[in-house]
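J.: What follows is the residue order along each chain.
Protein chains: 8
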Amino acid sequence: MNQNEMLTLLEGVKSGQISTDEALLKLKVKPFEDLGYAKPDHHRSLRQGAAEVIYGERKSYEQICGIAASMLAAGTDSILITRLSPEAAEALKKDFELQGFTYYPVAKIGIVGECKSPQSEGKIIVATGGTSDIPVAEEAALTAEFLGSRVLRLYDVGVSGLHRLLSYKEELASARVVIAIAGMEGALASVIGGLTNAPVIGVPTSVGYGASFGGVAALLSMLNSCASGVSVVNIDNGFGAGYIASMINKLKIEN
Amino acid sequence: MNQNEMLTLLEGVKSGQISTDEALLKLKVKPFEDLGYAKPDHHRSLRQGAAEVIYGERKSYEQICGIAASMLAAGTDSILITRLSPEAAEALKKDFELQGFTYYPVAKIGIVGECKSPQSEGKIIVATGGTSDIPVAEEAALTAEFLGSRVLRLYDVGVSGLHRLLSYKEELASARVVIAIAGMEGALASVIGGLTNAPVIGVPTSVGYGASFGGVAALLSMLNSCASGVSVVNIDNGFGAGYIASMINKLKIEN
Amino acid sequence: MNQNEMLTLLEGVKSGQISTDEALLKLKVKPFEDLGYAKPDHHRSLRQGAAEVIYGERKSYEQICGIAASMLAAGTDSILITRLSPEAAEALKKDFELQGFTYYPVAKIGIVGECKSPQSEGKIIVATGGTSDIPVAEEAALTAEFLGSRVLRLYDVGVSGLHRLLSYKEELASARVVIAIAGMEGALASVIGGLTNAPVIGVPTSVGYGASFGGVAALLSMLNSCASGVSVVNIDNGFGAGYIASMINKLKIEN
Amino acid sequence: MNQNEMLTLLEGVKSGQISTDEALLKLKVKPFEDLGYAKPDHHRSLRQGAAEVIYGERKSYEQICGIAASMLAAGTDSILITRLSPEAAEALKKDFELQGFTYYPVAKIGIVGECKSPQSEGKIIVATGGTSDIPVAEEAALTAEFLGSRVLRLYDVGVSGLHRLLSYKEELASARVVIAIAGMEGALASVIGGLTNAPVIGVPTSVGYGASFGGVAALLSMLNSCASGVSVVNIDNGFGAGYIASMINKLKIEN
Amino acid sequence: MNQNEMLTLLEGVKSGQISTDEALLKLKVKPFEDLGYAKPDHHRSLRQGAAEVIYGERKSYEQICGIAASMLAAGTDSILITRLSPEAAEALKKDFELQGFTYYPVAKIGIVGECKSPQSEGKIIVATGGTSDIPVAEEAALTAEFLGSRVLRLYDVGVSGLHRLLSYKEELASARVVIAIAGMEGALASVIGGLTNAPVIGVPTSVGYGASFGGVAALLSMLNSCASGVSVVNIDNGFGAGYIASMINKLKIEN
Amino acid sequence: MNQNEMLTLLEGVKSGQISTDEALLKLKVKPFEDLGYAKPDHHRSLRQGAAEVIYGERKSYEQICGIAASMLAAGTDSILITRLSPEAAEALKKDFELQGFTYYPVAKIGIVGECKSPQSEGKIIVATGGTSDIPVAEEAALTAEFLGSRVLRLYDVGVSGLHRLLSYKEELASARVVIAIAGMEGALASVIGGLTNAPVIGVPTSVGYGASFGGVAALLSMLNSCASGVSVVNIDNGFGAGYIASMINKLKIEN
Amino acid sequence: MNQNEMLTLLEGVKSGQISTDEALLKLKVKPFEDLGYAKPDHHRSLRQGAAEVIYGERKSYEQICGIAASMLAAGTDSILITRLSPEAAEALKKDFELQGFTYYPVAKIGIVGECKSPQSEGKIIVATGGTSDIPVAEEAALTAEFLGSRVLRLYDVGVSGLHRLLSYKEELASARVVIAIAGMEGALASVIGGLTNAPVIGVPTSVGYGASFGGVAALLSMLNSCASGVSVVNIDNGFGAGYIASMINKLKIEN
Amino acid sequence: MNQNEMLTLLEGVKSGQISTDEALLKLKVKPFEDLGYAKPDHHRSLRQGAAEVIYGERKSYEQICGIAASMLAAGTDSILITRLSPEAAEALKKDFELQGFTYYPVAKIGIVGECKSPQSEGKIIVATGGTSDIPVAEEAALTAEFLGSRVLRLYDVGVSGLHRLLSYKEELASARVVIAIAGMEGALASVIGGLTNAPVIGVPTSVGYGASFGGVAALLSMLNSCASGVSVVNIDNGFGAGYIASMINKLKIEN
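Chains as they are written, first to last, in our numbering: chain A, 4 to 258; chain B, 4 to 258; chain C, 4 to 258; chain D, 4 to 258; chain E, 4 to 258; chain F, 4 to 258; chain G, 4 to 258; chain H, 4 to 258.
No lab work stands behind these hints, which were simulated from the structure alone.
Note that the Cβ used here is the ideal one computed from N, Cα and C, for glycine as well.
Be aware that one or more of the hints could be misleading.
Unchecked claim - Pairs of lysine to any residue residues, derived as SDA-like cross-links and limited to a Cα-Cα distance of at most 20 Å, are as follows:
id	chain 1	residue 1	chain 2	residue 2
1	B	K119	B	Y107
2	B	K172	C	L165
3	F	K172	H	H166
As the list claims (entries may be wrong) - Simulated restraints, written as ranges between beta carbons of each label pair:
id	chain 1	residue 1	chain 2	residue 2	range
4	B	G103	A	E174	55 to 63 Å
5	B	E93	D	S63	55 to 63 Å
6	F	E93	A	P89	19 to 27 Å
Go ahead and model the full structure; you've got the sequences and the hints to work with.
T.: Rendered as structure tokens:
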């Protein structure tokens with residue numbers, strides 16, 4: 004049950020359309036459920052204004068399935084599953100045929116149910132330095148779309164060929180948030196930070212070799228950005244960037 | 004010259020109140036000035052919708068003074084100077100007596116001219132884990148206030164005594180952005196991230212000793228936050244956090 | 004031969020029920036045996052008041068088997084084998100059919116013989132931040148149970164959804180020792196440290212990615228805990244935590 | 004107000020010796036006080052069964068003084084101040100003349116009021132590898148004594164001259180907890196871990212040079228101890244080790 | 004004695020203008036001299052085609068003076084001394100009054116004798132990201148000038164305000180070598196690398212704080228540059244960059 | 004279209020042999036093409052005077068093929084593909100049969116079309132410390148040859164048997180650029196740097212184990228070279244070294 | 004040809020038994036041979052008084068075979084090949100049937116020809132902390148035996164059960180050199196260093212997990228040893244330790 | 004009392020020249036003395052065949068003085084004090100006027116009493132890469148001389164000017180042990196390792212800046228040496244190198 008549904012419920016109670024007993028029943032979702040191996044947080048969507056997410060890595064197919072079922076039972080109607088292997092996706096497809104299940108192999112994302120339709124005119128730009136950063140970028144973009152944001156993808160606009168990035172100056176100027184995704188030296192975040200007055204969320208990626216140290220070079224680069232509007236998430240954390248960008252993008256509407 | 008002033012100017016031209024020649028003169032600010040040791044960027048306030056900032060560390064008094072003078076000559080009416088030593092502040096106080104100059108010793112911030120008055124109802128919470136994090140917190144808070152945001156300070160609410168933080172649950176729920184500042188293990192960002200649906204900007208501080216490695220422990224902690232809405236800036240980067248928070252806080256109004 | 008058996012023996016000698024010769028024979032277990040590739044320490048259970056443990060990683064099936072046989076021959080009646088692969092477990096099952104052998108696949112623990120029955124009323128809480136930390140938690144819990152302690156498992160109570168943890172406040176208050184197990188930012192140890200006055204043993208796990216650096220982020224976080232009662236063991240060292248917790252839990256009885 | 008005082012109070016109420024109004028007044032200590040720069044946690048002594056502690060590093064004399072005064076006003080009768088500079092100690096001596104104030108320059112510890120008298124027969128051994136580790140050891144020893152534990156100091160018993168350590172075998176065997184403090188290669192913790200069946204708390208120190216990296220070598224050494232009963236606290240964290248050791252030492256009595 | 008002088012000498016011998024005895028005398032410079040604390044390499048200028056350099060850091064005034072005197076005695080006519088403190092410079096000024104001595108305090112460079120006059124039309128660009136990088140830049144620029152190269156300085160053209168750098172596109176296109184000097188995220192090297200087809204030598208500087216780790220962030224950034232023509236020298240190694248740039252710049256003429 | 008072709012075109016226009024319309028058509032190559040997953044930079048060869056390169060790692064066969072086709076369509080006549088797996092090479096061989104395709108398995112390089120014929124008399128030496136460094140060395144050598152430079156290979160001349168290296172003193176003295184490739188302690192770069200007056204480009208390799216940390220030891224060694232003419236590229240970056248060396252080698256001719 | 008053979012040869016020449024021509028022929032072994040991919044150093048056995056060694060890692064079977072053949076042709080009669088995979092060993096067995104070839108799978112060592120017979124009464128002790136360190140220990144022991152030293156193996160004598168090590172005190176006192184091999188916290192080197200007056204060579208191993216960082220913990224521990232006679236080689240470098248120990252052990256005889 | 008003195012004593016007893024009572028008195032030196040802050044190890048010189056050493060860093064003047072007095076009282080006749088500040092040396096000079104006290108300011112070494120006279124013909128070479136490494140080299144050289152070895156100093160023979168080192172080939176060939184001391188890239192150890200068949204002890208120094216990381220670059224370089232006979236001690240550990248070198252140098256005589 005999300006915030007809007009709860010408001011509607013309470014207004015129904017106020018107006019007498021819904022009996023208090025009935026309301027009680029609907030509200031009596033436990034704040035979390037104890038599955039032993041997991042305690043899905045059924046109040047989070049209420050508290051945080053977002054549908055629920057399952058981080059799939061290191062979870063068995065059975066665990067993912069159990070958590071998702073518990074959420075659906077508690078009233079969630081769409082679930083985002085990240086870091087989902089193709090094998091687990093194959094299995095989930097069958098289990099959640101009724102609710103609908105789509106798998107995005109590049110992003111390794113599975114979605115049970117439907118994405119929210121865009122709730123804002125604001126636009127999030129997802130930019131990458133290179134082609135190899137696309138899996139992280141798709142994780143970010145799909146997350147933001149799932150949470151109800153419009154997304155514009157600008158892939159392979161790294162700083163070694165600046166004219167590519169500069170040809171999108173106008174788009175950068177009109178975005179509400181920009182997600183800058185890059186491995187190697189991660190300079191993209193700084194350069195975009197200087198070209199826009201929107202908040203920039205930097206996502207370092209593990210793309211690179213040798214002294215890139217699995218993304219550390221890009222991470223440090225972004226943390227030390229000489230442009231003022233750049234904050235950073237963990238290496239390869241496309242989901243986090245998409246989530247925060249969507250949070251910011253929707254501020255105008257929901258507050 | 005900021006965006007609003009430029010709009011006013013252009014509307015003045017449109018309506019005939021200002022001659023094109025006069026407008027031209029006002030607009031002919033060079034995009035940057037070459038002082039040899041520095042090239043102040045006079046178009047940044049236009050491009051980025053913010054007053055200009057000088058990062059004072061490792062700059063001599065003469066350099067800071069020269070850059071500030073160049074900015075004022077180019078039409079900026081208030082300047083934020085960060086990482087400013089008391090000695091340099093003393094000297095600047097005399098040079099900018101006319102424009103007004105205030106020094107905040109805890110934050111090591113100097114301001115030439117006036118802060119913007121708050122341009123939004125939205126509120127930024129600046130929370131710290133301990134007393135020793137206050138200098139970084141004040142850098143963040145003053146930066147956000149300088150840029151026209153309202154700020155609520157919650158200091159010394161670290162996670163080892165949770166009831167202190169939990170007693171401010173309502174404030175956290177109503178904030179538009181939260182800045183979570185902590186050294187040592189930096190857990191504050193994650194815990195706040197779970198208590199609010201506002202974007203959280205984590206600022207690790209160098210408070211701690213031994214295996215805190217000058218803030219690295221808190222930095223890694225925040226980058227790996229299990230709460231989804233947390234992004235991070237450099238260790239002790241109060242300015243950056245205040246700047247981004249203000250960017251986000253003002254999105255509603257300016258877009 | 005453990006401490007109690009030795010006491011019984013000596014009292015038997017004192018009372019005349021056992022001849023000194025017979026006692027001598029029983030005591031003449033060599034302090035350690037030289038298998039060439041290993042020197043099992045037969046006096047450790049005496050010195051340290053605990054049954055013997057074999058760390059299975061990087062040992063061949065033959066080596067594990069040889070060490071266990073030597074221990075049994077020296078009078079140990081139950082053996083804990085950690086980091087045991089399913090393949091080796093399969094083989095050991097046959098070899099130690101007589102003594103009894105149980106394999107716990109999640110914890111990768113094998114036990115020859117029986118666990119001690121609980122020797123204390125005190126209770127150890129084993130808490131985890133997430134579902135993926137369970138293998139480490141089970142290693143800790145089974146170790147403590149093997150050594151004769153009662154264990155309460157609280158899994159998936161990470162700090163991003165504090166209400167889950169707070170709903171177990173009473174349990175935390177009544178525990179004699181708490182083991183806090185978490186990957187990513189490892190904040191669980193600090194938060195639990197502030198909620199209980201029992202000693203907390205933090206176990207960072209390698210759960211996470213990117214800047215978690217295989218558990219380093221959680222390790223540093225726990226070492227820098229702002230709560231005063233937290234000490235730490237190696238990344239993923241569930242065994243060590245269970246061992247120490249049991250040591251502390253049994254202090255009351257054996258001293 | 005500590006746990007025992009509260010029990011006495013409640014029993015007074017039960018027996019009618021104290022009126023409920025009077026009890027209410029005494030209990031109405033705020034859970035924490037807001038000094039702006041700090042929020043001293045007046046319920047912690049209740050929650051954690053220990054007198055209050057102030058971590059003095061990076062706090063101004065005025066802040067330390069204000070926090071201590073707030074604690075005393077809330078009923079605490081003795082306060083431990085760690086990492087206290089001689090200069091600040093000099094000033095505090097005057098402010099807290101009434102309550103009594105003692106400064107221990109080697110440990111850099113100041114104590115307002117009296118230490119608790121030992122509440123247990125159990126003994127904590129504080130051992131160091133060398134002479135240079137003594138300041139950290141004294142921080143640990145004084146903390147444990149302040150909290151009501153007996154302490155035996157064994158200084159300069161490093162592993163390069165094993166006979167020194169081995170001559171204290173009996174003491175090690177009879178201790179309830181051992182604190183092993185060492186810089187350089189930190190091997191002391193492992194060796195003691197093999198000689199006792201008490202829990203060992205390792206404290207790596209920053210004593211050393213070059214590849215000791217300010218205590219990292221000793222920290223890693225202790226985290227990887229091949230002895231099973233060793234847990235570790237932060238580099239140079241004598242206070243933490245003393246606090247935990249005392250927690251464990253007093254378990255027998257208070258539970 | 005440099006390469007050209009030696010050629011002249013040999014041609015003089017060939018043509019009979021110089022007797023073989025006289026030539027022998029001039030050539031009989033020892034390959035190195037043994038001062039005990041140093042062994043100045045008198046054949047290096049011959050082998051490497053460059054005047055001699057003294058790295059002043061950690062050398063006493065007496066050592067620098069002794070080495071310089073030995074070089075002059077061996078025929079060197081100009082000496083570059085890097086990392087020279089103002090105090091040592093003051094003293095050297097007196098000792099080498101005859102030969103001429105100039106001190107450049109920003110670069111901390113002292114020069115005994117004269118710089119070579121430019122030996123090539125080629126131009127080296129020395130660019131910095133910010134004002135604080137200037138000391139390193141001056142070390143590079145003066146070194147290149149000392150070795151006979153023309154230098155163009157472009158200071159404070161960091162990537163957060165790209166238009167500053169882009170306004171010097173033509174200069175970048177016409178340079179023979181570019182030295183890109185930046186701290187913080189060090190993105191300057193990559194961006195310049197994409198704008199020129201000259202070799203770029205990146206010099207990371209220790210300018211920055213927190214996660215810049217004394218220049219490591221910039222170093223890693225430059226080593227991972229996505230632009231192909233970038234090689235890197237040590238943090239703050241202005242001298243090395245100037246030396247290599249001059250080597251490359253003079254290739255055309257001397258080969 | 005490379006620089007020379009463009010010059011010819013423009014001279015054709017000047018002389019009237021080519022109509023402006025025809026020239027326009029030829030010049031109207033888009034500066035980059037948007038393939039969605041990649042934006043190949045068709046002006047780079049013009050801007051940087053070099054044929055185009057595809058970095059093959061982490062790119063799918065389809066992506067490599069698409070980028071190559073786009074380049075050929077835009078007029079490039081030879082393409083270097085680095086980090087190309089044998090499997091992808093097999094497939095590309097068929098697709099680019101017409102243009103010619105050669106695969107070099109040791110270097111993991113594929114070339115579509117022909118190498119440039121050497122454009123200079125200058126020679127690049129590619130030296131390695133050991134046999135295991137050869138794959139990186141071949142990447143460097145083939146890159147330089149592809150770009151039109153002559154290359155001399157000196158493999159297995161590591162410093163532990165100096166006479167091997169010293170027997171090539173003359174070759175080292177006559178080279179225009181030297182690429183020094185070594186893993187383990189990477190001392191080769193320093194030693195060569197002292198034997199030649201050509202610029203040396205150091206390439207640390209990941210050859211080694213233990214404390215070589217995947218090439219970090221060699222990287223640090225080369226960055227700290229006591230020889231003045233050494234600059235460094237990323238670990239295992241043979242391509243980068245070959246590219247820069249060729250840039251430097253061709254300076255004489257093209258400027 | 005080793006030192007002794009050369010001496011014999013020269014004495015033969017002196018005494019007239021061997022003609023100078025014949026001697027010349029025998030001496031005319033090239034100092035190294037150029038196989039392209041390798042330059043085997045045929046004078047090393049002369050220079051360094053040891054048979055030749057091939058480091059097998061990352062070398063193809065063909066390369067190993069070629070180098071060995073070249074050595075045999077140059078007069079070496081026994082060759083040690085380290086880090087040799089079982090597969091390559093299988094193949095080499097056939098190629099060097101004539102010369103004799105033995106493979107030691109635990110140590111991953113292959114030997115062509117015979118070991119030298121012990122040339123000294125001195126004894127090298129090879130001690131390990133645990134069973135898992137044995138592969139490294141065998142590499143060390145076999146290397147020392149190959150080079151003509153006597154070896155005593157003491158395996159699994161780690162410091163957590165000191166009585167095992169102490170029971171070999173006499174052996175330790177009588178050794179000429181001790182090799183101390185340990186992973187985890189690596190304390191063995193320090194403890195042995197305090198028990199013997201022979202030089203101790205520490206070999207950290209990659210045995211361990213989590214914060215052992217692949218042997219770094221043991222490496223740092225050994226480098227910071229508080230015992231004075233300990234020097235250290237690379238992680239897992241059994242060969243190096245065996246080589247150096249044998250060098251030291253044979254000093255008495257050959258000098 | 005050292006080994007020789009003890010032998011003399013025992014032979015005196017055997018021959019009747021010394022009464023057993025008298026001998027007993029002389030032998031009754033306690034194995035260590037407990038000064039509280041230190042436990043000087045009076046049996047070490049017996050066990051390790053060396054005079055006693057005090058590591059002066061972080062010890063107060065009073066502590067050093069007390070330990071030295073205790074040693075002298077126990078029969079030691081000469082004491083080496085390392086890392087001794089000039090101020091403490093000044094004070095010690097007065098206290099030990101009787102026994103004789105010499106201070107070596109470059110090495111920061113103080114010696115109470117006399118050095119042993121050389122006990123062997125063998126020679127230790129102490130070589131440094133540069134002038135700035137001399138303080139570490141002197142610590143090594145004086146330590147070796149104190150312990151009775153002959154030392155040859157070769158300073159400033161770094162690899163960037165190989166001919167300097169090569170001119171001492173003969174000396175290197177005739178040494179029994181070589182100590183190779185270098186900062187920056189530390190290549191000296193590898194190059195010397197290839198030029199001699201004596202064991203080489205590498206001492207990395209903290210000389211350097213930037214990516215030398217206080218000696219880490221040189222340390223890693225030496226640990227990864229491609230020459231086989233190199234072992235390593237801690238950064239700047241001149242004492243350790245001198246001690247081990249002397250141990251090895253004296254093996255011939257004492258065994």
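J.: Now tell me, hint by hint, if it's right for this structure.
T.: So, going through the hints one by one against the coordinates:
no. : hint                          : verdict
1   : B:K119 <-> B:Y107             : 17 Å, holds
2   : B:K172 <-> C:L165             : 12 Å, holds
3   : F:K172 <-> H:H166             : 12 Å, holds
4   : B:G103 <-> A:E174: 55 to 63 Å : 40 Å, violated
5   : B:E93 <-> D:S63: 55 to 63 Å   : 21 Å, violated
6   : F:E93 <-> A:P89: 19 to 27 Å   : 25 Å, holds
The structure shown violates the earlier hints numbered 4 and 5.
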